[in-house]
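Protein chains: 2
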Amino acid sequence: MYGHMNASLMTPGHPQFMARGDGARIWDVDGNCYIDLMCGWGPVILGRRHPDVDRAARRALEDGDCLNGATPAMVELAELLVETIAHADWALFAKNGTDATTLCLTVARAATGRRKILVANGAYHGAAPWCTPRTAGVVAEDRAHLIYYEYNDVASVQSAAQQAEDDLAAIIVCPVRQDTSRPQELPHPDFARALRMLCDTTGAALVMDEVRCGFRLDLAGSWESLEVRPDLAAWSKALANGYPLAAVTGSDWLRSAATEVFATGSFWFSGFALAAALATIRLLGAEEALPRMHAAGDRLRAGLANQAASHGFAITQTGPVEMPLLAFADDPDHTVMRVWAELAACHGVYLHPTHNWFLSTAHTDAVIDEILDRTDRAFNDLSNRLQ
Amino acid sequence: MYGHMNASLMTPGHPQFMARGDGARIWDVDGNCYIDLMCGWGPVILGRRHPDVDRAARRALEDGDCLNGATPAMVELAELLVETIAHADWALFAKNGTDATTLCLTVARAATGRRKILVANGAYHGAAPWCTPRTAGVVAEDRAHLIYYEYNDVASVQSAAQQAEDDLAAIIVCPVRQDTSRPQELPHPDFARALRMLCDTTGAALVMDEVRCGFRLDLAGSWESLEVRPDLAAWSKALANGYPLAAVTGSDWLRSAATEVFATGSFWFSGFALAAALATIRLLGAEEALPRMHAAGDRLRAGLANQAASHGFAITQTGPVEMPLLAFADDPDHTVMRVWAELAACHGVYLHPTHNWFLSTAHTDAVIDEILDRTDRAFNDLSNRLQ
Chain H
5 MYGHMNASLM TPGHPQFMAR GDGARIWDVD GNCYIDLMCG WGPVILGRRH
55 PDVDRAARRA LEDGDCLNGA TPAMVELAEL LVETIAHADW ALFAKNGTDA
105 TTLCLTVARA ATGRRKILVA NGAYHGAAPW CTPRTAGVVA EDRAHLIYYE
155 YNDVASVQSA AQQAEDDLAA IIVCPVRQDT SRPQELPHPD FARALRMLCD
205 TTGAALVMDE VRCGFRLDLA GSWESLEVRP DLAAWSKALA NGYPLAAVTG
255 SDWLRSAATE VFATGSFWFS GFALAAALAT IRLLGAEEAL PRMHAAGDRL
305 RAGLANQAAS HGFAITQTGP VEMPLLAFAD DPDHTVMRVW AELAACHGVY
355 LHPTHNWFLS TAHTDAVIDE ILDRTDRAFN DLSNRLQ
Chain X
5 MYGHMNASLM TPGHPQFMAR GDGARIWDVD GNCYIDLMCG WGPVILGRRH
55 PDVDRAARRA LEDGDCLNGA TPAMVELAEL LVETIAHADW ALFAKNGTDA
105 TTLCLTVARA ATGRRKILVA NGAYHGAAPW CTPRTAGVVA EDRAHLIYYE
155 YNDVASVQSA AQQAEDDLAA IIVCPVRQDT SRPQELPHPD FARALRMLCD
205 TTGAALVMDE VRCGFRLDLA GSWESLEVRP DLAAWSKALA NGYPLAAVTG
255 SDWLRSAATE VFATGSFWFS GFALAAALAT IRLLGAEEAL PRMHAAGDRL
305 RAGLANQAAS HGFAITQTGP VEMPLLAFAD DPDHTVMRVW AELAACHGVY
355 LHPTHNWFLS TAHTDAVIDE ILDRTDRAFN DLSNRLQ
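Sequence order for the protein chains is H and X. The opening residue of the first sequence carries number 5 in our numbering; numbering runs sequentially from there. The opening residue of the second sequence carries number 5 in our numbering; numbering runs sequentially from there.
These are calculated hints, taken from the structure and not from any lab test. Please read all numbers here as calculations on a predicted model, not as lab measurements. Heads up, a few of these hints could be off.
[What the hints assert, rightly or not] If we take Cβ atoms under 7 angstroms as the criterion, some of the chain H residues that face chain X in the derived model are:
no. : residue
1   : G44
2   : L71
3   : T110
Virtual Cβ for every residue (Gly too), placed ideally from N, Cα, C.
Just chain H, with the same shape it has in the complex (with noise of 0.2 angstroms):
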């Protein structure tokens, strides 16, 4: 099994196949059923099968596919998406985050003249060679104009921005630090207004990767708190709630460079994933949808300190509270965790031991105790276990 869903980087206690899904809950093809804390790794935001979203992508479908140009659903959604996101001036569409973070840069590229991107050390954009986490395959010269910078330190940008001298063409941020095997990490407001600073005095695009983030902290931008917004935005997961979709916000400056660079795939025009996105989109902004998360995730995060200390456990949590990541102290190798993880999913909660997990809109109080009860049981077991 190929990618981040290869049950081997779980635990011997997740499955590998799965048979089915209903709103928080995920079934295993051996028929054991798990509340599931991962979200598809984010594409579920509305919890699985959520009537409304898989109603208007099968009526799309029932027009058919695949027609030699878009449906009105591209314009509706680029109107909707425009109106959403603060920065946008102008969206287009694509199929992985991949996609979209790649054509950040080259559109960013194009419309400079320059060519040197700026990344943080640790960051995951995706799987394309030039910035894939694994090297297998990878030349140098896939990598020849990154320079790295350490998130949430602003001397290191600066350094790596003097580096890049007069061809600076973007700097590509996360919203949050959310390297895999490693705490979580809100944004400094002084580091995120140093980006934007940096970008206006020299010209460069600000990027930001929305991909895992995105629709979960602000609908408006997931900086939108700091006042910090973007030129080029990437977005994907959550968008269509699972369908598979990503898109590329712009600002105005950016739009004719995005016109020149060809950007295209067979299914880019493909009807129905916008039909789930439109949606989406408007369920998010229409049900309380993020208040209701995060409500969620703060209940879900106090019963967890509160099992870990009666447990007797000495626990971190990290990152946005709809984005929750646990991790037991002095255990750098994960070896506890991954104990627990495992014990959780005999329980039957799914969640990871080292990359964050998410939530949805169908987690509600009585799924979050639900979970709370099984945890329980896990930090019990993980108790005797250690004993």
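Mind docking chain X on chain H? Use the hints.
What follows is chain X alone, placed relative to chain H:
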């Protein structure tokens, strides 16, 4: 409008926005109906809204999607591809044709530890920086290890291989030369065999870009009749009759390299497109689909030849009959062809002036005759216009 479906690349008679499709017909948003000869630029191979394919996809969607792991459909489809495609010992799945071609090169580099790739001048392998036909935003390093050869020119491939010295990772080739705005060229058997021999003697991988031709010419591989098999092949377009899917198939010696490469995307494990592909490939095998498309292509080509002759036009028709392309003699800028294609659109036949067309099994004899009735009127109008 971005990409290959920008209507400005067609003629003023071609619509940009589409409403629906059914079988071999599509309707634009103004209610005009066209018999379609583009099949969404290839994905549609069984006609739009094929009931068996749509039922398979819908059933998979009813089980929910983005399930934190693959469904059994992934294993079944991998097994079916390995059974169907002569060279294939394994398969993995992606979303875009570009994902698949790029992965083939990455796997070849990982397997050989070498860097150089031979690419045919003018060939289209996707829209990533290493291969996109427009170079806005592309940096020189994206193509640092590509060496170009001429299609069907054995000496030019040998010379390119010599330039690569002991650093040759792969030769990538399309089953048919289908460069935009020029006549199609079938592969010379000597050329095909020379590529195979060069790879055998150097240890490089022969990569077949089946994205466009795949499943139309021979289910076992487009060069089976030439008795030349690749080591890696990229598939997409027709694989799932329009549902978004791509695949890489490989020979055993590349299996462990493929495992080392981090190949993944948020929607690559999505079950409904895999289910649609299972239904598509089974139908293509069971229904004599390929001979029927071939016969339809013969009927169309003969009809167009007769019409052109009877209206006094010298034309050429190139490429496989299942993927036709017509050009007028002495029309180097495609001026006459554009007028004729626009007239065809006005008479309700959607075909491209400079890119090969595609047939599907929905192109029955009756549909072909209906097309011919309309193209005859287009030839007649053209004749009147040029007088």
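Exercise. Okay, which hints does this one fail, numbers in order?
Worked result: Nothing - there is no hint that the structure violates, so all of them hold.
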